[in-house]
Amino acid sequence: MNIMKLRPVFLVISSILLGIFLFSIIKWQFKPSIDFTGGTLWELNIPDYSKEKIDQVFSKNNLELKSVNSTGTNQYLLKFSDITPDKKNELIKSIKESFPKYSELKFETLGATLGKELFQKTLAAIILSSIFLFLFIGRRFRDLSFGVGAILAMLHDTFILIGSFSLFGHFFGAELDALFVTALLTTLSSSVHDTVVTFDRIRELRRHSFQKDWVSLANQAVTETLVRSINNSMTIVFMLLALVLLGGSTTRWFATALLVGVICGTYSSTAVAIPLVLFFKKHSKKK
Amino acid sequence: MVLICILINFPKQLPLKIHLGKINWEHTLYRPELNLGKFTLNKNVDLKYGLDLAGGSSLLFDIDTSKIPSGGLSNALESLKSNIERRINLFGVSETSVQINKQQDKYRLQIDLPGVENINDAIKLIGTTAQLNFYGVIDDTLFAQATSSAEFQKSIKDTGLNGSHLIQSSVQINSNNSQPEVSLDFNEEGTKLFAQATKEYLNKRITILLDNQVLTAPTVNSIITEGKASISGSFDSKSAKELAVQLNAGALPLPISIIQQSQVGATLGQDSLNKGILAGLVGLALVALFMIANYGKVGLIADVGLVIYALITLTLYRLIPVTLTFPGIVGFILSIGMAVDSNILIFERLKEETRLGKDWNMALETAFGRAWDSIKDANTCTIITGFILFNPFNWSFLSTSGMIRGFAVTLILGIFVGIFTGVFVTRNLLRVFAREKLSVKSKN
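Just so you know, the protein sequences line up as chains B and X, in that order.
Per the working numbering, numbering through the first sequence is continuous, rising by one, with the last residue being 295.
Per the working numbering, numbering through the second sequence is continuous, rising by one, with the last residue being 449.
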């Protein structure tokens, strides 16, 4: 199999993807969840629901209702600013008046400072794990081309995942929350892990045959690891797909983020990391 | 070889029995008490569910430490914690958790109340600081007939004794008339003040005000110097308990204010749990089919390994115990997908080695040896990230959120168990398989 022949195709695919997501990030930005901004999530079961009445309840309490989403039969998720326990009592009272048959499923409120704090913490986690992964890659691959290749592939995946959530956010209302960051970190590690396995094979092959040039070495390595790489991703994809489709709404986007990350990681180890290494090798030879 | 097989049979039977014990709880109740030589297993092996699955309330308070001199801080925090725990206990909730976290220079109080669905009751109980004050009655007639608060204030005089002098308040039954009464224990300063007050108002009345409402106004019969008092009156056991709770609430050493509250109804939790289990089973079935379709008989062995993997992991959840949250279930499901990875790495190697013409046994050993390096590398990254997410040292610049931790802990556990089953268990199963294959051949 001469997969490396497809390098221009990979370049085009990656460029288009990155372009779309860059556009989406600039145009639509993100929808941060209350984890980061502070606010209230209130999920209710209301059999005799009407949007007008809900609006009335909120305007009566001087609260601005930011959004209402249906999360199932008679289930509605209301979003608004953070409230005190006393305010919630008032709100419950007026909800009861308008919807006597309501029942409460979930309630969460947090202040804006706490959201900011969580944002800083998740940022710290991203930076810390990136440093560790850099160290790991550096130790594993003394060869600069491999190291830079793996890191760029990792950044490529990160960007695609973040970008895709800007797109999902605009079209399907996906939000960036603490779990998204968790998925992002998991993606970082799985991206590196896939790349490491493929790189390992190139190095192993090189030890056995010095005469071969980098391109055919890469081809052989990819051919040998591709099945493993795809099969492995398939098993994880099955698991996550089951979660996205059958799991509850709480973690749907979390599972989606992991899914995007896994698919991306598999793609990038073959289609981004290795072509980059080949590019660097070719470049350094010319010098 | 046989010995190794027996060895791997042990971990197999252990989870199997416990698992069965859980499913058919009634007639296998004795089963969890396994005897493995000297090691007896009689721990409570029920799975623990997080608030998002079991339903309940979670509250986060800011602790105002500005008024406490830095020397007395740790003491004040400690008594705050025990105070709140006592209040919650009186509320009658089991398996609660009260934690104080330090976030940079701020202190936070995290309270989890499984099963409590009325969050406002909980907040009221924990957060409102009832003001308890002791006043001497100086004008008895005016005290009884006061029509305005100004008049009322004139009839009483502050003794300086208040809720902050209270160490503990509890319900006890008066041995003379078997009526419930509320006992008060004062601290050192409170004891002095109480002695002073009872001396000053001997044979007069002292009134106890809670949030400026008269609770009771007993007549002082003797000077009390040991710092203990009890309020008796027309209490039934419920109202006595409520008062004791409220009085304890009056004795918080540090003011707290709520900054986050979340609450999940039990039905929603159960629903998420069911959906998670369904997704897990469907995913597992798909992966199992995929492995058989791709690798045939060897794939079937990997599936057996996978089932063993799932059982071991579930057993560990019970034994450690791991509190299972919904993100935790995602972590578990993800780790199943990853656990197969080791098997796939090995099987692909196996294919290659047999293609090179090596005999099956040889190929098996080389495949395991070679794949081991890749497996190690591949999992290192995930473990690094897992540890950062789990934040085992409670570093204040990283998150300690239960959701993220729940995910990290199941992921890390899953990876370690995955390596164990993928490499150790499957390998031995394959060896047995290979031997049978050989013996069949030799018979022919």
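To be clear, the hints were calculated from the coordinates, so they are not data collected in a lab.
Just to be clear, a hint being listed does not mean it is correct.
Listed next, the stretches of chain X that the computed footprint assigns to chain B, with coverage defined by at least 3 CB atoms under 8 Å from CB atoms of chain B [as the list claims (entries may be wrong)]:
| # | segment |
| --- | --- |
| 1 | 220-231 |
| 2 | 264-274 |
| 3 | 278-286 |
| 4 | 291-305 |
| 5 | 375-388 |
Mimicking DSS-like on lysine-lysine, the simulated pairs with C-alpha atoms at most 30 Å apart in a straight line are [to be verified]:
| # | chain 1 | residue 1 | chain 2 | residue 2 |
| --- | --- | --- | --- | --- |
| 6 | X | K381 | X | K363 |
| 7 | B | K124 | X | K129 |
| 8 | B | K101 | X | K129 |
| 9 | B | K104 | X | K381 |
| 10 | B | K124 | X | K72 |
| 11 | X | K86 | B | K114 |
To give a feel for the contact side, a few chain X residues facing chain B, derived at Cβ under 7 Å [as the list claims (entries may be wrong)]:
| # | residue |
| --- | --- |
| 12 | N125 |
| 13 | L321 |
| 14 | I325 |
| 15 | P326 |
| 16 | V327 |
| 17 | I338 |
| 18 | I341 |
| 19 | I393 |
| 20 | F395 |
| 21 | F412 |
We treat Cβ as the ideally placed atom computed from N, Cα and C, and that holds for glycine.
Could you check the structure against the hints above and give me the numbers of any it violates, in ascending order? As far as the earlier hints go, 1, 9, 13, 14, 15, 16, 20 are violated by this structure, in ascending order.
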